[in-house]
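Trainee: For chain A, the structure is supplied; the task is to place chain B on it using the hints.
Read top to bottom, the protein sequences are chains A and B.
Under numbering that gives the first Met the number 0, the first residue of the first sequence is numbered 0, with each subsequent residue one higher.
Under numbering that gives the first Met the number 0, the first residue of the second sequence is numbered 0, with each subsequent residue one higher.
Hints are supplied without guarantee of correctness; some may be wrong.
Because identical chains share one entry, a pair is satisfied inside a single copy or across any pair of copies.
Stated by the list, open to error - In the SDA-like style, the derived pairs of lysine to any residue whose C-alpha atoms are separated by at most 25 Å in a straight line are: (1) Lys350 to Arg92; (2) Lys112 to Leu370; (3) Lys20 to Lys61; (4) Lys280 to Gly308.
These aren't lab readings, by the way, just hints derived from the structure by calculation.
There are 2 protein chains.
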Amino acid sequence: MLKHWIRPDKPDKEELKSRLKAAGERLEAQQLRLKDKKLPVLVLIEGWGAAGKGSTIGQLIKHIDPRFFQVFSMAAPTAEERRKPFLTRYFERIPEAGKFTFLDSGWMDEVTKERLNGVLGDEAYAQRVDSVKRFERQLTDNGYLVLKFFFQISRKEQARRINGLMDDKDTAWRVSRGDLWQNHHYERCAEVFDRYLEDTNTPSAPWYIVDARSKKFAELQVLETLCTGIDTALQNESLAVPLLQNVFPLIKMPKLSEAPLKDKTLSEGEYKEELKRLQSKLRMLHNRLYRKRVPVVIVYEGWDAAGKGGNIKRLTGALDPRGFEVHPVASPEPHEKARHYLWRFWKSLPKDGHIAIFDRSWYGRVMVERLEGFCSENDWQRAYYEMNEFEQELHNWGAVVLKFWVQIDKDTQLERFTERKNTPSKQWKLTDEDWRNREKWDVYEAAVDEMLQKTSTTYAPWHILESVDKKFARIKALRIVTEALEAALK
Amino acid sequence: MLKHWIRPDKPDKEELKSRLKAAGERLEAQQLRLKDKKLPVLVLIEGWGAAGKGSTIGQLIKHIDPRFFQVFSMAAPTAEERRKPFLTRYFERIPEAGKFTFLDSGWMDEVTKERLNGVLGDEAYAQRVDSVKRFERQLTDNGYLVLKFFFQISRKEQARRINGLMDDKDTAWRVSRGDLWQNHHYERCAEVFDRYLEDTNTPSAPWYIVDARSKKFAELQVLETLCTGIDTALQNESLAVPLLQNVFPLIKMPKLSEAPLKDKTLSEGEYKEELKRLQSKLRMLHNRLYRKRVPVVIVYEGWDAAGKGGNIKRLTGALDPRGFEVHPVASPEPHEKARHYLWRFWKSLPKDGHIAIFDRSWYGRVMVERLEGFCSENDWQRAYYEMNEFEQELHNWGAVVLKFWVQIDKDTQLERFTERKNTPSKQWKLTDEDWRNREKWDVYEAAVDEMLQKTSTTYAPWHILESVDKKFARIKALRIVTEALEAALK
Chain A
0 MLKHWIRPDK
10 PDKEELKSRL
20 KAAGERLEAQ
30 QLRLKDKKLP
40 VLVLIEGWGA
50 AGKGSTIGQL
60 IKHIDPRFFQ
70 VFSMAAPTAE
80 ERRKPFLTRY
90 FERIPEAGKF
100 TFLDSGWMDE
110 VTKERLNGVL
120 GDEAYAQRVD
130 SVKRFERQLT
140 DNGYLVLKFF
150 FQISRKEQAR
160 RINGLMDDKD
170 TAWRVSRGDL
180 WQNHHYERCA
190 EVFDRYLEDT
200 NTPSAPWYIV
210 DARSKKFAEL
220 QVLETLCTGI
230 DTALQNESLA
240 VPLLQNVFPL
250 IKMPKLSEAP
260 LKDKTLSEGE
270 YKEELKRLQS
280 KLRMLHNRLY
290 RKRVPVVIVY
300 EGWDAAGKGG
310 NIKRLTGALD
320 PRGFEVHPVA
330 SPEPHEKARH
340 YLWRFWKSLP
350 KDGHIAIFDR
360 SWYGRVMVER
370 LEGFCSENDW
380 QRAYYEMNEF
390 EQELHNWGAV
400 VLKFWVQIDK
410 DTQLERFTER
420 KNTPSKQWKL
430 TDEDWRNREK
440 WDVYEAAVDE
450 MLQKTSTTYA
460 PWHILESVDK
470 KFARIKALRI
480 VTEALEAALK
Chain B
0 MLKHWIRPDK
10 PDKEELKSRL
20 KAAGERLEAQ
30 QLRLKDKKLP
40 VLVLIEGWGA
50 AGKGSTIGQL
60 IKHIDPRFFQ
70 VFSMAAPTAE
80 ERRKPFLTRY
90 FERIPEAGKF
100 TFLDSGWMDE
110 VTKERLNGVL
120 GDEAYAQRVD
130 SVKRFERQLT
140 DNGYLVLKFF
150 FQISRKEQAR
160 RINGLMDDKD
170 TAWRVSRGDL
180 WQNHHYERCA
190 EVFDRYLEDT
200 NTPSAPWYIV
210 DARSKKFAEL
220 QVLETLCTGI
230 DTALQNESLA
240 VPLLQNVFPL
250 IKMPKLSEAP
260 LKDKTLSEGE
270 YKEELKRLQS
280 KLRMLHNRLY
290 RKRVPVVIVY
300 EGWDAAGKGG
310 NIKRLTGALD
320 PRGFEVHPVA
330 SPEPHEKARH
340 YLWRFWKSLP
350 KDGHIAIFDR
360 SWYGRVMVER
370 LEGFCSENDW
380 QRAYYEMNEF
390 EQELHNWGAV
400 VLKFWVQIDK
410 DTQLERFTER
420 KNTPSKQWKL
430 TDEDWRNREK
440 WDVYEAAVDE
450 MLQKTSTTYA
460 PWHILESVDK
470 KFARIKALRI
480 VTEALEAALK
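Looking at chain A on its own, in the form it has when it is part of the complex:
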């Protein structure tokens, strides 16, 4: 793209000034419509070192109320950040509905740097590009406006600016070794940048190359593109997004009604023996996966009163508390609802070597959110694909991903509800909502069946835990987890 890019004509001083003023006022007016329409805007400013990315952002935000934007300057990932999937720190920073996030360099900078210094080979680079495209598409599909700018300057101009900054001790810190390296390897960098720009230039999140020779002109180019982008996005607000074909390696799952429950039992003796054996095995595996830095993500979904809590406890009972977290998932709080529905899960990912257990999960999207109308039909239909992508991201990162559906029948649920109602120490577990959900058993079952069919992948399979006999379900979960960890540690 850089090769064939035609430098735009710079307007004269007078025109520049009046257009800057007009665009600034336009953005000022837009911020309120954006707020009303709850449009989130992510502006990514990438480009050469010393091209003026930061100072352009400084100019842009003057037109926006401080309550409506955040600026993040992304340095190289910290040691802590390197222990998560590489997109995590970007996903964590996506804006709330109705607000802007400006990123001063982002995932392009990270990927191209790693490409240039040889960390990413061809295959790893291709995987990164895939991840990036999916990330951006997931954002735009979910109503985000994603604007990507590349600040272009010549080698000569870059050298001039670097020298200018270095001359003053108060600005010298701004010049990184990376900037100097870039200038010395300008052609090689340009090639890698160009390739990346082409690889990630998608219709929903295209690149804009900015002629950054003059600061004011660069500002104008960004400002006008930003305004146009916002206008277009505001017009598109109720557009449904095409559903992508489910191309993930799926595992055929039985329907819930066809999964036998009755003979899935264990005697007390078998249970105790197996529990002891599997827990001590798991304890040992946990130490090993910590040492080998394998991350593990375990999802629990299931009927109310199916025994999720007790099942999870038998798992965690064998784990070193320094190496796992349980995330109980309730309905989202306002700041969570204001973002992509996967945001709060990205924020809860384990570090490598750790285990994260989700007591309910992102699958709420295709169950409660679908059935209670908390999202549109287009939203939840798209979600199957998005969740398969999300889990593939985790898998590619090296995580073991396991998903459990804790299954009981309707009669068993009634028995347990009644018992909870009559046992003071268990009453807190039973809410009016549980009774309401119970009335909708059949529609829930259909939704669960669809979910199991569409999201059980080879890399993140669903397992049904037959839990009329809770002992059976617990041993089955422990067995699946230990086997999966053994396989991963081989």
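Mentor: Relative to the frame of chain A, chain B by itself:
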């Protein structure tokens, strides 16, 4: 304390077993009362390396529903964490109301390590102890149960355990160089630990020394102490806390009604000239404070429509967006309301070298929360002291702390409300709540006066910005900020 500690008698095997069972059941029952009564419990487990802290936590949590606790294993602070006040990462991890946090080592470990390796001299150590005591007292004063355990083992026992762990490659990673060092300098460590235990042994958060020779017995000691502590705390729930005398270096502030507004104006010409001059000065100072890693915290409070937003923009207009954040503060979300009211502000502190601007702040505690009855009288009265402490913590860390009260009179507010009402692009700024607050002007004014008297300290002074003429207020803010930064950078 360690010197005079008398090792408790270990019960025989039968008794140990039955008491463990009883205490476990007691804790299981307590977790629900805790949840109902919204009691937050912070359990700090400190002690010698390899004393069994982690595995004891592993046993304790078996009695608690995974939804009700979190475990954090605190390693040495990361480079990122070192750029915040040292208590930040602990404050961030305090539990929600009705839940437990278990810390596997915490601030004792950090402080004593730094004492042992010479990072903390006598004075710095004394300051740390002060900070710790204040932190713990602020938690207990605000209804937290804080339980601190020290796991005691002999030098010989420690050596035995370290060797045991080292023998197996899957557990060898658990032995740190610190553990080995400790064992080789056992006496010296014991002295520093003992001193710290005595220094921080307070009535509201006392130490419990645990005989950790036997794992089961250690578990019993913690479990029984925990249960007793919870029972006591549940009985105390509505206890008011003594108000401490305001012993901070206060600056005498005028009453708002005595602060003249009328002649505080600037001509357009003076304004433009001063704005340009001060902004360019501030730009330069921002670079220097980034380089010198000085953190800055600026608080804006003031009447609705006083011009806070525009004032902040004139400040940020001069700043490099990579080095500041504006935090607009609205009413707290559920997960914020469930914790100490300063929690969300601790989470928003700037890194060193950065500027954090708070558009409304923790002072909501003694204004809106006081006047709308969102907290008890005891709560808001205590808050003056707590906020002085909080800011002193920031000051000791090296931060410049400035607080602005943006002042207008009642007539000016009415004019601006009317203008907002009649200007479509400004209507979003005016809410029904603004009108309701306006009706309570007099009680608000009295509360603000009290706040200014009680929380304007030499290290974090309040400044009144006369904002009937917004230009005047903006220039005054810029002048105060640049002068404070110049002084700090000298």
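Trainee: Hints numbered earlier in the text: which of these fail when held up against the supplied structure?
Mentor: Hint 2 alone not satisfied by this model.
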